[in-house]
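Enquirer: Listed below are the residues making up each chain.
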Amino acid sequence: MRAPAAMHRPETLEELLAILREHGDSAKIVAGGTAFTILWKAGLLQAEHIVSATGLHGLTDVRADDEALTVGALARVRDVERAEATRRNSPVLASALRLVANVRVRNVATMGGNVAEADYTSDPPAVLSALDAVVTIRDKDGGRDLPLREFLVDYFETALRPDEFVTGVRIPILAADWGGTYLKLLSRSAEDRTCIGVAAFLQHATDGTCAGVRVAVVGGNPVPLRLPEVERQFVGQEPSMEAFAALAAEYAAAADPVADNRGTASYRRRVMAPLIVRALRRAARGTNDAVFA
Amino acid sequence: MIGQRQTLLDARDRVTGRIPYTINLEPPGTLHVAILRSTVPHARLVRVDASAASQLPGVAAVLTRDDFAGSSIRPLFGPVFRDQPIVAMDRVRYVGEPVAAVAATDLRAAEAALESIEVEYEELPAVFTPQDALAAGAPLLHESFDDRAPGYADIVLQGQGGNVCNKFQLRKGDGLAGFELADEIFEHEFSSPPVQHVSMEPHAAVASFEGDYLTVHTCTQTPYAVRDALAYMFRLPASHVRVVVPPVGGGFGGKTYAKVEPLAAVLSKMTHRPVKVHLTREEEFVTNRKHQAFIKLRTGMRRDGTIVAREVQALFNAGAYTDISPRLIKNGGYGAVGPYRISHVHIDSYAVFTNLPSAGAFRGYGVSQGSWAYESQMDMIAEAMGFDPIELRMRNLLLEGDTFATGETLHGIRFPEVLRDATTLFEAGRVPPPAEDDGSVKRGRGCAVIIKSTITPSTSAASVKLNSDGSLQVLTSTVDMGQGAHTALSQIAASALGVGVGSIGVVGPDTDVTPFDLTTSSSRSTAAMGAAVREAVFDVRRQLLDLAAQQMEVDVTDLELADGRISVVGDPASGRSIAEVVTASRRGTLAGNGSFVTEGGLHPETGQGIASEHWHQGAVAAEVDVDVATGKVTVRGLRASVYAGTVVNPINARMQIDGSVSFGISQALFEQLIHDEGHPANSSLSEYALAGLADLPEVFEVSLIEDPDNDEMHGLGETCLPPVMPAIANAVADAVGVRIRHLPLTAERVLDALEEQR
Amino acid sequence: MSDGSEIFLLNLRVNGRAHRVPVSADDTLLDVLRRDLRFFSCRETCGLGLCGSCTVVVDGRAVSACLAPAFTQDGCEVRTAEGLEDTDDLHPVQQAFVDEQAFQCSFCTPGFLMSTVAMLEEDGPADVESALTGHLCRCGSYRQIMAAVGKVAGDGRDGTGE
Ligand SMILES: Cc1cc2nc3c(=O)[nH]c(=O)nc-3n(C[C@H](O)[C@H](O)[C@H](O)COP(=O)(O)OP(=O)(O)OC[C@H]3O[C@@H](n4cnc5c(N)ncnc54)[C@H](O)[C@@H]3O)c2cc1C
Ligand code: FES
Ligand code: FES
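Protein chains in written order, with UniProt numbering: chain A, 1 to 293; chain B, 1 to 758; chain C, 1 to 162.
In case anyone wonders, no lab produced these hints; they're calculated from the structure. Please read these numbers as outputs of a predicted model, since none were measured by experiment. Hints may contain errors.
[Claimed, not checked] Looking from chain A toward chain B, a few residues come up when the C-beta cut is under 10 Å (computed):
(1) 39
(2) 156
(3) 157
(4) 160
(5) 161
(6) 187
(7) 196
(8) 258
(9) 263
(10) 271
(11) 277
(12) 288
[Unchecked claim] Sample of chain B residues lacking proximity to chain C, with all beta carbon distances greater than 10 Å (derived):
(13) 5
(14) 159
(15) 201
(16) 252
(17) 470
(18) 515
(19) 560
(20) 575
(21) 662
Even for Gly, the Cβ is constructed at its ideal location relative to N, Cα and C.
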């Protein structure tokens, strides 16, 4: 039986960071609580101190400047998906967030919690990874910025130290000549977690070739799978089915899928390639949306 | 009234959330229970030491096997064989079996105390499939079968030995010799996994012993069976045990027979306080389930498409204890013949013990497993022999006056009509075309038709009380689980008395008050209890007319009762109201009784006799999309048709069919309990996938086929569930040419089959 | 407040009335509502945010009470199905559920009601399907539920299609 934990509800970031510094490893943050509570009730988390972030004032803004969309860590997924700034500057992210969980979960789940949970089946990290998002982190003495791809380390593991706190996510805005999509495969019921999710973005050059491509896959790898080298080789090619298939095959070969009740490793590897092709076709058409596969 | 849409009696309580489910009950002083469960699939129990746990703060009692030593309480229960212990005695037989239980002042204290109970197991070899359990040298789960519970006259006990829990057999015509008449013989094996009921309300019970009088509130579907089990257990006269059933939050068969009540009752006896057991979702998954089944089906065909012979070898996985398996494998056995005219039939159906949680009643009751086999094979035969699958069925479907495999002559048979009605789904343009435009999504169509019995023999009794204000109370042990049974019974009573539904009150199951009923399951309540209620109303009606005749000094044959008034035929002005007659009689209330008893039974060796009082007939047609890139199956259109006889409340009838269809889609595509060496691997709703709103087809039609000339009511609670799974599998085969013989049709399974085919 | 103790004094308004409940770190909002305050319309089926049977409206939004650590709800305004009706009249959403008979066992009903109420108050008649995904009705009363919600949302949907 777990010893009773102490509850903290700081009202300022400074207070929160001080509590984290003081208790280090024995403290655990709870934001929206949608991931935390499940693990806590199941006895899968140990902590002597639970620090609620929802008493803080702030860190809920969703703002855009010319270069990036900035989302506060405590912004609720549902607010981010509905924010004008998101819809205008990152329509694929806005739509992908609408496919996360259900309204009740999105009403409380935070963007910070979503990335900090580091769940290999989470959807937003696919889009965020493809968009080269950067996680902003603070501790009592200062802070650092980490690209999401360095922030996410392994299954349910991030690069955060126990005294660090995510304050937000910075998402670079793509030029208007990019098209993109997020494709989410539910291998079982409509209420299930993602089996494979593919974020794909494609930029057409004026000569009809590809000026740029980004593909990130979740569900088939410990962290979102992105292969910048493979993406680079794609630049200058015709956006043909063959070219899409070749790129997709490289991703499938590089993936390191885990087996769970949603599919074996082999299944995930096999469906990944055709889903990437499908996503790239949509991206090439510029659908700028997120849909179920 | 009958045949009219009727709002549920307690609708208001249901939308305010005030409806008093068992889980809300907590009399003052209630103790809460946490259960320590086995962590191994099969073991000798070497030691259970609860001494430390019982000293912890808040703990009132810890129940272990030691509490039964020298006690007069009988620790074993079960509806057919009393083979299931309240807590493990000498051995554990599945992961999740209760080993000890703590009753404490609050749930957290009870849970905390579990960690202080020490258990030592000496592991034994275990078996998880019926095939392994029947193999030579397999470890045995039970050494003896001596404690048979009385009752259930329809259940023949035979075939026990080894790990066989029970056997059913049927021989019709020349049996296996019939295959000599066949031009072609088809043989395939089909399997269905264990699945769980997942009623939203879990099992819960509150028991309190006062002296030697035991009261239990519980969400059971079988109040009398629970009462009798408890009376036997505590050596009490049945009159000292009272079982009350509040509204139930979904049953689907999962809440039949004693489950958590014995544990609550024993702890109450030990502590002299009310004790509440309320299972967690995880515990639900090891408490009851549908039988896993492996069915070998051999079918002999004539060149012209006539089925001449069928052999069924069915293995049902009973799990660790008998529960109701002996009846289920009987229904599942003869149910596997299908709604077809077959001259020569040979059936062997077995329930087999394994080291998994016990299986019990489940919506569809054995028929799902059998029809999954025969309706899948029907399409395989049609394809192999070059017949249209609908035509092949039509050629062989049972007709009015035919004999079924059990030898009984069938009446009220409408199979061709039901099947034809379902397949109207396929008329052009009803279901919109696939959405994906890259050619990877294929469309297919399939159908299935099934026959299902209702529990026979069975007994239902009802009482009514006519009050001096003319209102009528119906006393019934039928459980209201959301199927609208109480509302339907009030409609039947109102119509029999000739009054409005507003003056009818229904008193739900309370074994101290409401008369006997076998069970609320098997789609039987409206029909069987309805008949009993009608007879009880006719009983008071007769008394009422006799009294009126005396009061009005006329001959009773000159009287009529209409619109709540009794008057001389042809002279409405002479009338008196029901209230006036009852009041003037100075009887206070008039009481009436009614019962409905059916007879039947099957011969142990030949399976010939009467299996069912009437037969449920249902068909489903489905259109699906299959994504060949992912193997994902999406049901786009579905039409379910059922022969309904007389419909009491059309909205309730339709809703039960809706429910059956969503159960069916869920089982066709997603549901399966997974185990790893006997350890449950998906005991939560995130790991155990269930169909939701978005998994239902956009074209979804329900058709009730009524018969104005027949006032027989047909149960509708489950008839349209079994055909859903094979209809979908047949549609998948039609779409992409792969035949999946093992449920569910997961995306991965379909993709594997597609790759094998390439 | 940030005292970091093992008992937290939770202040909550439920259906307009103030409550003060001592809670531990193990308590969820659902525990407080059912066990301490006896609002039995919220019910646990999955405990995982999946089924919606524990749905309540917190500060105007539908949430799963089973996923909310109780102490993080300090100062919140909670509404449950018990608080929907006026003295005599059912809330229009409740009435629509009665009229369409949008339930069988009704275990899921209060959850559907609260999500619908939140949807209507937040957005007006919005995307009904999306508001109601993540709500399980094991009895399969979905079409009648959609008809009831469609009726109050004014989209004229007919649940049974017949
Ligand atoms: C029913 C259900 C369905 C779901 N379906 C989906 C889905 O379809 N797609 C999907 O992507 N996700 C899904 N999820 C996951 C959901 O998105 C996450 O649970 C949610 O985003 C986590 O956010 P939170 O604020 O609730 O985090 P919490 O539960 O509060 O925290 C999660 C973790 O992050 C840590 N943490 C939180 N905030 C911070 C911070 N600012 N700094 C540092 N650490 C922090 C916590 O300590 C904890 O370890 C589902 C969840 C549920 C319950
Ligand atoms: S119990 Fe909370 S969502 Fe299921
Ligand atoms: S009505 Fe029973 S779960 Fe919805």
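Enquirer: Against this structure, judge whether each hint is valid.
Expert: Cross-check of the supplied hints:
1. A distance limit of 10 Å between C-beta atoms decides the matter here; for residue 39/A the minimum to chain B is near 12 Å, and the interface restraint is violated.
2. A distance limit of 10 Å between C-beta atoms decides the matter here; for residue 156/A the minimum to chain B is near 15 Å, and the interface restraint is violated.
3. A cut of 10 Å between beta carbons decides the hint on residue 157/A: the least distance to chain B is about 20 Å, and the hint is violated.
4. Using the Cβ-Cβ criterion of 10 Å, the hint placing residue 160/A at the interface with chain B is not satisfied: the shortest such distance is roughly 25 Å.
5. At about 30 Å, the closest approach between the beta carbon of residue 161/A and any beta carbon in chain B exceeds 10 Å, and the interface hint on this residue is violated.
6. Taking 10 Å as the C-beta contact cut-off toward chain B, the hint placing residue 187/A at the interface holds, the least distance being around 5 Å.
7. The closest approach between the C-beta of residue 196/A and any C-beta of chain B is roughly 9 Å, which is under the 10 Å cut-off, so the hint is satisfied.
8. Interface restraint check for residue 258/A: the shortest CB-CB distance to chain B comes to about 14 Å, outside 10 Å, so the restraint is violated.
9. Annotation: interface hint on residue 263/A holds; nearest CB of chain B at approximately 5 Å, less than 10 Å.
10. Satisfaction of the interface hint for residue 271/A is found here, the shortest Cβ-Cβ separation to chain B being roughly 5 Å, below the 10 Å cut-off.
11. Nearest Cβ of chain B to the Cβ of residue 277/A: about 8 Å, under the 10 Å cut. The hint holds.
12. For residue 288/A, the suggested interface contact is broken, since its CB lies about 18 Å from the closest CB of chain B, more than 10 Å.
13. The claim that residue 5/B is not at the interface with chain C is violated, since a C-beta of that chain comes within 10 Å of its own (minimum 8 Å).
14. Against chain C, the non-interface label of residue 159/B holds: every CB pair exceeds 10 Å, the least being about 35 Å.
15. Listed as outside the interface, residue 201/B is inconsistent with that label: its C-beta sits roughly 5 Å from the nearest C-beta of chain C, within the 10 Å cut-off.
16. Once the 10 Å rule is applied to beta carbons, residue 252/B is inconsistent with being away from chain C; the minimum gap is 8 Å.
17. At roughly 26 Å from the closest C-beta of chain C, the C-beta of residue 470/B stays outside 10 Å, upholding its exclusion from the interface.
18. Non-interface status of residue 515/B relative to chain C is upheld: no Cβ of that chain comes within 10 Å, the nearest being about 24 Å off.
19. No beta-carbon of chain C comes within 10 Å of the beta-carbon of residue 560/B; the shortest separation is about 34 Å.
20. In this structure residue 575/B is separated from chain C by more than 10 Å, as the shortest Cβ-Cβ distance comes to about 35 Å.
21. Not every C-beta of chain C lies more than 10 Å from that of residue 662/B, the closest at about 4 Å, which undercuts listing it as non-interface.
Of the numbered hints given earlier, the model fails hints 1, 2, 3, 4, 5, 8, 12, 13, 15, 16 and 21; all others are met.
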